[in-house]
Every structure is written in C-alpha cells, then in structure tokens.
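Visitor: Residue-level listing of the chains:
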Amino acid sequence: MAVSSSVKRVYSSSVFGVAVILATMCAVMAVLTNKFLTETNIVSVVRQFSFISIMAIGQCMVIITGGIDLSVGSVFAFSSVISAMSLAAGAPLAASLLVGAACGMAFGLVNGILITRVKLPPFISTLGIMSVARGLSYAVTSGFPVNIKSADYAFLGQGQIAGVPVPVLLLVALAAIASAFLGRTVLGRRIYALGGNEEAARVSGVDIDRVKVIVYVLCGALAAIAGIATASRLGVAQSTAGMGYELDSIAAVIIGGASVKGGTGTISGTIIGASIMGVLRNALVLLSVSAYWQQAIIGFVIILAVSMDQLRNMAKA
Amino acid sequence: MRTDQCLLKMEGISKTFPGVKALDQVDLEIHRGEVLALVGENGAGKSTLMKILGGIHSRDSGTIAFEGRPADLRDPAHARRLGISIIHQELNVMENLDVAENIFVGDEIRTALVFVDRKAQVGRTRELLSSVGLDVDPRALMKDLSLASRQMVEIAKSLSMNAKLIIMDEPTSSLTERETERLFRIVREVCARGIGVIYISHRLEEIFELADRVTVLRDGRTVGTKELSECTKETLIAMMVGREIDELYPKTEGRIGNEALRVEKVSTASLLREVSFAVREGEVLGFAGLVGAGRTELAKVVFGLDRKSGGDIYLAGKKVSIGSPWEAIRLGIGYVPEDRKREGLVLGMAVRGNISLSVLERLKRYLFVSGRKEKELAEDSILRLRIKAQSASQAVKFLSGGNQQKVVLAKGLATTPKVLILDEPTRGVDVGAKKEIHSIIDALAKTGMAIIVISSELPEILGISDRIVVMRNGRIKGELRREEATQVKVLELAFR
Numbered sequence: 001m002a003v004s005s006s007v008k009r010v011y012s013s014s015v016f017g018v019a020v021i022l023a024t025m026c027a028v029m030a031v032l033t034n035k036f037l038t039e040t041n042i043v044s045v046v047r048q049f050s051f052i053s054i055m056a057i058g059q060c061m062v063i064i065t066g067g068i069d070l071s072v073g074s075v076f077a078f079s080s081v082i083s084a085m086s087l088a089a090g091a092p093l094a095a096s097l098l099v100g101a102a103c104g105m106a107f108g109l110v111n112g113i114l115i116t117r118v119k120l121p122p123f124i125s126t127l128g129i130m131s132v133a134r135g136l137s138y139a140v141t142s143g144f145p146v147n148i149k150s151a152d153y154a155f156l157g158q159g160q161i162a163g164v165p166v167p168v169l170l171l172v173a174l175a176a177i178a179s180a181f182l183g184r185t186v187l188g189r190r191i192y193a194l195g196g197n198e199e200a201a202r203v204s205g206v207d208i209d210r211v212k213v214i215v216y217v218l219c220g221a222l223a224a225i226a227g228i229a230t231a232s233r234l235g236v237a238q239s240t241a242g243m244g245y246e247l248d249s250i251a252a253v254i255i256g257g258a259s260v261k262g263g264t265g266t267i268s269g270t271i272i273g274a275s276i277m278g279v280l281r282n283a284l285v286l287l288s289v290s291a292y293w294q295q296a297i298i299g300f301v302i303i304l305a306v307s308m309d310q311l312r313n314m315a316k317a
Numbered sequence: 001m002r003t004d005q006c007l008l009k010m011e012g013i014s015k016t017f018p019g020v021k022a023l024d025q026v027d028l029e030i031h032r033g034e035v036l037a038l039v040g041e042n043g044a045g046k047s048t049l050m051k052i053l054g055g056i057h058s059r060d061s062g063t064i065a066f067e068g069r070p071a072d073l074r075d076p077a078h079a080r081r082l083g084i085s086i087i088h089q090e091l092n093v094m095e096n097l098d099v100a101e102n103i104f105v106g107d108e109i110r111t112a113l114v115f116v117d118r119k120a121q122v123g124r125t126r127e128l129l130s131s132v133g134l135d136v137d138p139r140a141l142m143k144d145l146s147l148a149s150r151q152m153v154e155i156a157k158s159l160s161m162n163a164k165l166i167i168m169d170e171p172t173s174s175l176t177e178r179e180t181e182r183l184f185r186i187v188r189e190v191c192a193r194g195i196g197v198i199y200i201s202h203r204l205e206e207i208f209e210l211a212d213r214v215t216v217l218r219d220g221r222t223v224g225t226k227e228l229s230e231c232t233k234e235t236l237i238a239m240m241v242g243r244e245i246d247e248l249y250p251k252t253e254g255r256i257g258n259e260a261l262r263v264e265k266v267s268t269a270s271l272l273r274e275v276s277f278a279v280r281e282g283e284v285l286g287f288a289g290l291v292g293a294g295r296t297e298l299a300k301v302v303f304g305l306d307r308k309s310g311g312d313i314y315l316a317g318k319k320v321s322i323g324s325p326w327e328a329i330r331l332g333i334g335y336v337p338e339d340r341k342r343e344g345l346v347l348g349m350a351v352r353g354n355i356s357l358s359v360l361e362r363l364k365r366y367l368f369v370s371g372r373k374e375k376e377l378a379e380d381s382i383l384r385l386r387i388k389a390q391s392a393s394q395a396v397k398f399l400s401g402g403n404q405q406k407v408v409l410a411k412g413l414a415t416t417p418k419v420l421i422l423d424e425p426t427r428g429v430d431v432g433a434k435k436e437i438h439s440i441i442d443a444l445a446k447t448g449m450a451i452i453v454i455s456s457e458l459p460e461i462l463g464i465s466d467r468i469v470v471m472r473n474g475r476i477k478g479e480l481r482r483e484e485a486t487q488v489k490v491l492e493l494a495f496r
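One line per chain: the protein sequences are A and B, in this order. Counting from 1, one number per residue, gives the positions in the first sequence under my numbering. Counting from 1, one number per residue, gives the positions in the second sequence under my numbering.
Hints are computed from structural coordinates only; laboratory data are not their basis. Cβ coordinates follow ideal geometry from the N, Cα and C atoms, glycine included. There may be inaccurate statements among the hints.
Okay, derived cross-link-like pairs now, SDA-like style, lysine to any residue, Cα gap no bigger than 25 Å in a straight line [claimed, not checked]:
#1 Lys375(B) - Ile177(A)
#2 Lys341(B) - Asn313(A)
#3 Lys477(B) - Ser309(B)
#4 Lys119(A) - Lys143(B)
Covered, in the sense of this in silico footprint (three residues per stretch, anywhere, with C-beta under 8 Å from a C-beta of chain B), are these stretches of chain A [as the list claims (entries may be wrong)]:
#5 99 to 109
#6 171 to 185
#7 200 to 214
Chain B with its partners taken away, still in its complex shape (with noise of 0.2 Å):
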C-alpha cells in the first residue's frame, strides 16, 4: 500500500436478478494509489460487481462510500462525474473517428457553443497520450492502433474525464506479451499519481507482478482479502474454488461402448492449437476451461461452422469433411450454442417452428411441410422434456430461460444425432430447470449418444461428466477421469 487513504469502500453488497443470487454481502476497498486485482472463477459475480460501480446495475442493499462521501451511483453518468471509470474488455471505440475525437466524444472542447475546437482537442490529445507514454498521433484512425495501443487510449480518455478510480477488466487478453508490458508501465504511472486501479483478470502470473493486493470472490461473495506479498498461487486458487453445490446431479452409471467421435490436432487461425480428444457412444464427456479458452471455438469446428486450418476429425473411426452445420447434422452431430438468443431460436417464431427448423425435410409430406408432423414433433419434446409452455403455437420470446433452452435442446435431439455438443446448457436458467436438464442429459447417454457438455460451472462439469478435458489458450492442457477430478485440480490446469 503506497498510501493509506481509502478511496473506496463498498460494504454487504447484495444483488438479485431473477432466478438468480448473483451478490451477496460483497466487500470491497481500495485505496488511492493502489492496484487491487480481483479474481474468481466465471459467474463468481466480478462482472456485476464492476457494473455496480459503473452505475449500470442498481444495488439491492448495501453502502458505498467514495472519498469517505456516501455514493449512490445511480447510472453511468453520475458514476462518471464521480471519477469511476471502467474500460471495457470488448472496447468501445468509435473506429472510424481519430484518437482525439475518441478521447472528447460527448465532452468535446468547443469554440462559440456549436463548433469543435479541433486544435485545442489534438493538443490535449497530444499532453494525455505523451503522459500515458503513447506515442500515436491524435489524429491517426482508431481502426489503425493496435488493440494495446487502443486500452491506451482508452486510460487516457479516463485521465481526461479526471477519473480517480480506473477498472480495468481482462485487459491483456488479446495483448502479446510486449504489449502487456507497455500497458503494466502506465498502469503503475497512473497509480503513482493517487489513482485506484481495479484489475480483472484470470491471469495469475500477471496479478503477482501488477497488484498489490487481491479480492477473491466466489459464488457472489467475498472470500477474502490479502496481500499479494503474502499468497502464493495456490492459495489463490483454493480460495477460488470450493463452490457450493447447490443441487445434486442424478448421475447413473451407463455403459458406454465405441468411439463415436475423435478430433486429432485440430487447429484454427485464431486460436486452437493442435487439439485431440475423443469421446465414446454412452459417455458424456466435459470441457472445462475459462471462458475464451477455446472450447466454443473448438465447438463450431467440429459442427462446421467455423473453418480449420488443420487436423482431422472422425466419426465411428471414418474420416470425415465437415464444411457447414447442414452436413454436421446429416452426418450425426448435434449442437446447442451457449447463446441461446443469438444462435439458438428465432425468438419470433412459434415453438414448434423452432423445434422443426432443423429437420423441415423430414417433415415434409409431398410439396409441403406436414402440419401435423411438425405438431406431433413438437407435442412430443414438450411432454419429453417437459416444456412448459401454453401450446406448440406459442412464440418462444414468451418462454422463461429454462424452457427457451429446452426448446434449443429439443431442436438438436430433433435431428436425432450420435454426438451431441452442448455448449453452456444450463446457463441463465433456474435451479429447477437445471436439474432436469442434467437428468435429461444422463438419460440421453444411456441411450448410447456420445455427449460433450462445454461449462463454465465447475460443479456442474464435475457432476454430469465421465471424464474431464481441460483447455486453457486453445490446447488442451489435461484430462481428468471423474474419480480423480476435483475442483482444485480442473482450476490448476485451467489457470496459468
């Protein structure tokens, strides 16, 4: 602590969304001039906690004093004015304005009221950039800089709105390694000016090297604060770890038979590196991994939406091409994305429109889509997975989290796949309709379907899984039979 003043202090924190306890009773502080990391597994609560500060989220209860004042932070702008400012992972930079109107955008400098005051913006651009040490030229494009040159930027706009507390979350994801060094550098000139900052990140390694101290939540809660000088990475991660389980996962023993699908050194421009796995008729197999570790990606690959740069995949031992989802499924394989609003439904559209998309050929009779197929198809996922929803008929934008899933889920086993991907099929749904989803997927290995299930939820993997990959930068780092695995362990190999 390089002084001991407290610049804030947030107190029994609590937040609901529905269905969901995502705070409870979170405390936090941070001093001026200090780096404060905060960690915690995916879904332990950091982002809303972050949003709270930002003003985007309201609090249910709980105190927050800034500078010793009381802070409501009501929304964004007042958490502004205050100087709390949080610099996004997805940056929102307008791409096609220069640095300087990027930096000024909605606070710009004026001459007589209307005008910008284009000369008196690039200087100042000019001084911010020289004290973050940026060399760019306020005039150069957003679209040119480089994503670390572009967090730069985004520091110097909170300097110059005056912010006294900066979050930062994830930055270093898409950095190199020199990059990152570049952006440590001005993180620690800002706090030597008496500047907070709040640091995000899965990164380990960099938390020992950048903050001073760190907050460990879990679950919506905080597990502790402590010196960085004091902890190693393994108490990081046994304070990370140790999630309740909230609900028991009806796991049965099946038989479970060939191999029915096997990837070998699979890789992608982007990210996955040389990734092999197989899993086998009647098993479930889980990936577990931090989000953007390359599961989704390895997911779309597999499924053919998204192209390889190479490796090969089999199917029952036959080497097969997969260009596109349509000969994914004629192939055998299914999938459910983890977005289920954006690649899952067609939110407009009936249930039964939604369930039937898949296998419309199917259904036909004659020139036409039977009517009465497509009703029977959907009446039975419904009973099947018990649907709750008023009729076949009904718009699935009206369905609760938990059935909107279901449905995606109902259009995937519709095209009655060997392999079945399930990415993050319990995410956003209640209790309840998690549970049947675990049971739903156990009964589908009994009937010999090959599943992978892709969570972020270390319980859940845990509890539904035969067997563990773990990936972590797009390879896969280890695997874990379900009598060894544990929490600790998947968290090892998951974090650097």
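With the rest of the complex left out, here is chain A (with noise of 0.2 Å):
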C-alpha cells in the first residue's frame, strides 16, 4: 500500500515523465553511437547545458509567478561585456564578478517595477528590456569582443574541481539552493501561491508586488551569472552572447512540466528539461544532422515533450 502510493507519487510527479524522456533519449544514444557515452562526450554536454540550466533557474521562478522574463539573453551578454570590461580596466576579480551580477539585478529591478508599477505585462517590459540591454551592449563594446586576460576569471569557466567543470558545479550549487528556497522558505512559498492564484495571495496577505520585484531582481542575477561563466569558458565576453537563450531557458522551464499560467514548475524538472535539449543537441551533431535541421528537430521535440505531459495530465483527470 504505502510503496504502491508513493511509486503513483512518482509517477504522476512532473518530474517523472521528463526524466523518462532523458533517460530514452541517453539510451538510443548510446545504442546508435559509441561516441555518446565517453567521458569527454559527457563532460561536455553536461558543462553546455549548465550555463543554459543557470539561467532557466530564475526564468522557472519568473514563470511559476505567471510572468516571463525574454530580456534573460540580452542581459547574459551586457552584463557578461561590462564584467570583462571592468576587469581589463583594472579592476579585481571579485568587484568585476560584482559589477556583472549588479548589472543582472538592475536590469531585473528595471523589469520588477515595470510590472509591478507601471503595470506593465510582463511580456512587454521584458520585450523592451532585452532590446536596451542587447542595444546596451553593443553600445559600450562598439561590438568589438572583450577579451578576458585573467587565469583566475577563466577559472570559472573552464576549471575544474576534483575532475567536474566548474559550471556544472556551479550549477549543482545555485540548483540546490534554488530548490530550497522555493520549497522551503516563506518567499518561496509566496511566489507558488501568487502563481496559483495572484487575488487570492493578496487577499491572504502577501506583499504581491515585493514578491514580483524580487523574483525579476533573481532571474536578472541568475542571467548575469550564466553570462559570466559563458565568457570565462570561452575567454572571450561578446556583445551578441546568448542570442535567443531567452527561449532556450523558458523551453526548459516548460518541458521541466511548469505550466505558463504560471503556479506550478520546479527547479529539477528545469534542469531536465535544459539537459534533453542539451542531449538532443549534442545526438544531432555526433548524428551528423544537418545544423539546418537541428533547429527544426528541437523545436519538434519541445512540442512532443510538453504534449505528453499534457497528455499525461488529461488522463489523469
């Protein structure tokens, strides 16, 4: 009875469809190439994956609040460029990591209080602040790449510590946090309700509004993070970073099983769901597919994973 309960609990979590897919996906792999499963294969795929993984942390957290954040990919690369910058204009490694997690923030404030008081859609202020902030950082590179002299910034991106890539580190910690907070603390709590039902959380007494801003402060610092570690790992911080990354993390977000209206989401089901897209990238190139197929076989596959699920909950009701 009680194993029986818990493994319904299993299945029917979120979480376990997209995790099935993964798993289905890793193992035709494996049968179709030996390639697949090497150790440097899987390093890289999974040091790929997590910079997107990163930023679809705080995109999962924007969108469990009913909102969407499209300004992530712009915002990965200004605040990527004015790290690098500062850190060629002398700065040390910890204000310069600052100064680009600052930018991340602002931006998210920018965002917070579009939303919140202006009452702007989220839609629209995001719209128009992935458009600043990409305009921005052209603006302040002259579209030139800034190059990353210091070994110890590198280290970010491309170190490893006990043989894991620093990002995947990186990512383990901010998801293991991630995950806390929202389950556990009360602004996590909040953010749930407030997704479930906006009216109903104000009428119980929660600050709406503070919430809001905090969360667009979060997905902006998350973005910044992710563009950080890009620019490490690649030695190089460039104005047109993390184009359409915007749309990269929310699909993760929703192939993890959040919904759009906002309410439901979680952090592992995000990750999951970065990683088929991380996988299926990785199989479509050790496939030799076409890159002009690629494209189309992602967005295919997004459909086919979110439809299941879909499905799935149908059938459940």
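The task is to assemble the complex, starting from two chains supplied on their own in separate frames and drawing on the hints.
Guide: Structure representation (structure tokens):
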C-alpha cells in the first residue's frame, strides 16, 4: 500500500515524465553511437547545458509567478561584457564579478518595477529590456569582443574541481539553493501561491509587488551569472552572446513541467528540461545531422515533450 | 395587458444543482407587448430561471411553450433562433469594436461569402439605432459609449435578431436617472411592437413605473403574479419575505465586551458614502442588503484591499491606518472573502499550504518554513472545523464546496484575529456544512472575537446576528437589534 502510493506519487509527479524522456534519449544514443557515452562527451554536454540551466533557474521562478522574462539573453550578454570590461580596466576579480551580477540585478529591478508599478505585462516589459540590454552591450563595446586575460577569471568557466567542471558545480550549488528557496522558505512558498492565484495571495496578506520584484531581480542575477560563466569559459565576452537563450530557457522550464499559467514548476524539472535540449543538440551533432535540420528537430521535440505531459495530465483527470 | 396573446408560458419548471434545489415548480407567463417584472430576494431563483430561458441551463422538469409551440431550449443558439434575447447585467460587449460590428458579430452581412459588407452593416445599424431612438454613430467604438448607450445598443442588437422576447437583468443598476428614463422610453417602444420584456430589478419604484405585471419568486418557487395596478410596495415585500428557515441556528447568548472595531464616516470614490458602525468583542454584527449595496466594498476597505476616500477606522479605540491586507492581518483583522475560488484559495495547492498562507512567517524555523509546524496547524484546523479531506496534503480543488469554505475560514483563523469579517460565509455550501459554519461562528464569538457577517440570506442573518445593519446604495439605512429584527423590516430597509 505504502509502496504503491509512493510509486504512484513518483509517477504522477511532473518530473517523472521528462526524466523518462531524458533516460530514453540517452539509451537510444548509447545504442546508436559509441561516441555518446564517453567521458569527454558527457562532460562537455553537461558543461554545455549548465550555462543555460543556470539561466533557466531564474526563468523558472518567473514562470511560476505567471510571468515571463524575455530579457535574459540580452542581460546575459550585457552583464558579461561589463564584467569583462571592468576586469580589463583593472578592477579586482571579485569586483568585476560583482559588477556583472549587479548589472543583471539592475535590469531585473527595472523589469520588476515596470511590471508592478507601471503595470506593464511581463511580456512587454521584458521584450523592451531585451532590446535595451542588447543595444547597450553593442554600444559599450562598439561591437568588439572583450578579451579576458585573467586566469582566475577563466577558472570560473574553464576550471575543474576533482574532475568536475566548475560551471557544473556552480549549477549544482545554485540549483540546490534555488530548490530549497522555492520549496521551503516563506518567500518561495509565496511565489507558488501568487502564481497559483494572485488575488487569493493578495487577500492572504502576501505583498504581491514585492515578491514579483524580488523574483525578477533574482532572474536577472542568474542570467548575469550564466553570462559571466560563459564569457569565462570562452575567454572572451561578446555583445552578441546569448542570442535566443531566452527561448531556450523558457523551453527548458516548460519541458520541465511548469505551466505558463503559473503556480507550478520545479527546479529539478527545469534542469532535466535543459538537459533534454543539451543531449538532443549533442545527439544531432554526433549523428551528423545537418545544422539546418537541428533547429527544426529541437522545436519538434519541445512540442512533443510538452504534449506528452499534457496528455498524461488529461488522462489523470 | 395590451394584447391578450400569450408569448411564453413556463409551467412546473424545476432545476436542481448539486446540493441545492434552485427552482421548484415555477410557473411564469408573459404576453406579447407587455413588461413583466420579475422580483425576489438574492437567491430566489431569478437568474436560474432566466438561464433556462436562454438555453444556458437545461431544466430537470416542466414544460415551456413559446408562441404556443413547445420549446425545448437545448442551447443558447436555439433560444436565440426562437427569438429569445437576454441582456445581461454585465454587458458582453467587445469594447474595441465599433457599434455596427458589435451588433452583427457572429451574423455578419457578407459580400461574396468571405468579406464583411461594412457599408450594409453600418446602414442597417443606423436604422436600428434610430428605431430605438439612440443617436450614436454606428462607427463609434463601444468603449467610448456610456453604459446607458451600450445597454441600448444591446437592445438594438436584440431587435436585429428579430427577438420576440427580451430579458433584461438589472439594466439600471449603473445608470443615472436620466439614462434610466431614456431606457424606459425605449423599452416601451419595443413593447409597442408586440415584443415581450421580462424585467428583473431590485428597484421597486422602477417596476411600478415600467411594468404591467409582476411575478414574485421566493426560494425557487413562484409566490404569485399580480397586476401592478392592484398592488403596493408593501404587498410585494410581504410576498418576498417568509423564506423558510430550513435549519435551526444554534445561536447562544454570549458576553459582549468592549468595542473592537469602529468605522467612522468611511467613503470610497465609487460607492460608499459616510458609513459608520461599530462592533464589540463577542458580538456578531450582521450586514444585510442587496447585492451591490456596498457591503463587500466596505469589508474590503476595512481589510486594506480597497482605498477609502475619507473617514477613519478605530481598533479597540485607537485610530489605525490600514493600507494593505498584511497590515490589516498584523492589526488583528481577518477576512474571509465571498468568492472562495477567486479570492480565497489557491486551488492547486494542498489544504495545508492554503491554511498556512497568511502565517508562513510565524511557522518559520531558522530559514525555512517548518513542515512539522505547518502540518500541526493544518491538522489542528481540520479537526477543529471538521474539514473532510483525505489528508492535509490533498489539493483543495478536490474538496467539496463546504469543505473548501472551511479551509478559507481556517486560513483566516490561523492569523488569530480579534475582528473577523465573513463575506457570504455559507454561499454554495450544503445544509449540513452551513449549520456547522454557523455553530463555528457562534463558538468564535464566545471566545470574545468580534465578528462581522455579510450575508444575502435573510434567515441566516437573522439567525446568527446580535445586531443587523442594513445597507443600500453605499449607505447604511438602518440598524436593528436581534429582538426587533424581522425579515419584513430588513427588506423594507434594503429595498427602495
């Protein structure tokens, strides 16, 4: 009885479905090609999707509130170039990292204020900021890449600790913190409540506006961290970085079982969602699928994954 | 009666919703070219009856004859085809489309199959508007029209669909006196063409001015139909009251203490006008009145959900400023909203998550909300209020209405308020749960809590309150002690 009910709970949890999809994809790849299950490949895939995942953690919180953040890709780029430029200008490592993170938070704050005070729909506000942040990245760099010469800075993206790439460790740490934050803190619980029913949360004494602002600030900060880590990995910060990442991060959250209507979503689901896309990209490369086809296949898989989840929910109801 | 031809005859109509018998053997008859007023207290069954006419609900039993032929009214499209048109209180207009587009939406005049014939639509609209005496450009956007003009556009739309019966639900609730006059003139013109109008209103004066006959509903039954020339306001009120009290309210005498909350001359920009009242510890203060009288607005101002434009609020004699619900909660005010699905519950969340929502800070252990403390709170509430749930972790959307209501109540009580405001605490719950909620209210008052109950059910208000305040049009119209309050007295204050 107890066993069967816990089995049922695992099955009906939204994470289960996507985890099965991920496992199936990996199994199929292992059969199709012997290049997939090699240490170098696995490490590179995991490192690859850890950048998007970090960003998707923030996106996940935003989507749980029923909002959306289209500006993360541009904030990713802006924060990384500002951070790299301040480093190049002679700022100490810690300061350059903090400046980058602060940029992300500042844009998040602007989004939060526009959404709560000016009452702009999140789609509009973040669409505008997406353009503003991208434009500013071009403006401050005149379009030139900013090279990173500090080895310490590069460690963040290129280094390894006990054989595990630093960005992966960073993701694990941030995911653990975010998961505990969302599931167990007062603020996290309020995020779910306001996404589930904003009016009821307001009547229950939740300061809706404050919670939303914090969520967008956190989302901006996470986009900045992802941007800085990516620049560090590549040894160069580019104003063109992160284009289209906003859509990848949204896709990761949605594949991971969150509803765009708000109120549901988990960090674990989001990271599995990001891994599905990472594994898929890698698979298409390993299988020598033309780059032109990859985009279409990824889109197809996103729809398939979310549709299956939807059908499963309908069957349950 | 201008003509003796029967337009619609409904006989023995019954309708049961889960747990509630909404209509019980209702009869209604309307003639061509007459205005039939339909009156009754909140919840008497007017809306359900009209929804059956509109094909929105299907009846359980009874017969309907329209123009002498049996009519099934299976769905709204069918009702429309027969010529039955409903103008709802909340108008369903497309604000960003123009008048002509609103009139012809779904039934566009076309040229060559796919293209809308704008010119023909505008021309036809102009004719329709002038036939109802409305001087509005057919190309004006709906959102730029006054409420009264929108009402009249809706009437014009009914005419364009060749309606033979038009049902108007509280059409004047937000109109000025002059607009109302204009509307009445048009209603009379429409009737002169042989169209029947069913006119639902709480405003008895209007009914006497406009209608030929009146049908009174009470508790889902027809009390009677009268020629208005043969009756007075008092007879109508007498017909409306006398709702059966189908259960005993376990009201017991408690000790009434010091003043807990005093509201002085509170007004809002939209509705409330200098509302003053006070409630004491251990007292149950009932708020009676019709829907729209301003009772919920008042509750929302006291709870910090809406802004007041003037007046003061005192708690235990001290003037307080309440700018938000969390301030209200901190000051010891609890609020159980009237619409539990919209404002009370996060339906997808568990019982425990809903109950703890207002007190998460208090359940904190170091950084995190303590699962143990939360579970204790939830299980304690489940026991105390006898909430029927599989466990504290069950999602509230799977509970019955009565148990959902108890969860909202539990959430309000978790903040340990000194003043508790309950807005329609038993709406849509079954009789058993209703009785339980009443005894909970009684027990809470005994602990010294000051309780304000807003209810549209007269027997409930009369049964549980120590004192009753009656509101109308944003004002307090009178106050009755428990001993002196009767249904007739309350209704006389509530109706104009």
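Visitor: For every hint, state whether the structure bears it out.
Guide: Checked hints:
1. Our distance criterion of 25 Å between C-alpha atoms is met by Lys375(B) and Ile177(A), whose separation comes to about 23 Å.
2. Between the alpha carbons of Lys341(B) and Asn313(A) the distance comes to roughly 21 Å, so the proposed pair stays at or under 25 Å and holds.
3. Proposed proximity of Lys477(B) and Ser309(B) is supported: the alpha carbons are some 20 Å apart, at most 25 Å.
4. Pair hint Lys119(A) plus Lys143(B) holds up; C-alpha atoms about 21 Å apart against a cutoff of 25 Å.
5. A stretch counts as covered by a chain when three or more of its residues have a beta carbon under 8 Å from one of that chain; for the segment 99 to 109 of chain A and chain B the count is 0, and the coverage is violated.
6. Counting residues of the segment 171 to 185 of chain A whose C-beta lies closer than 8 Å to any C-beta of chain B gives 3; at least three are required, and the coverage claim holds.
7. Evaluation of the coverage hint for the segment 200 to 214 of chain A: fulfilled, as 8 residues show C-beta separations to chain B shorter than 8 Å, against a requirement of three.
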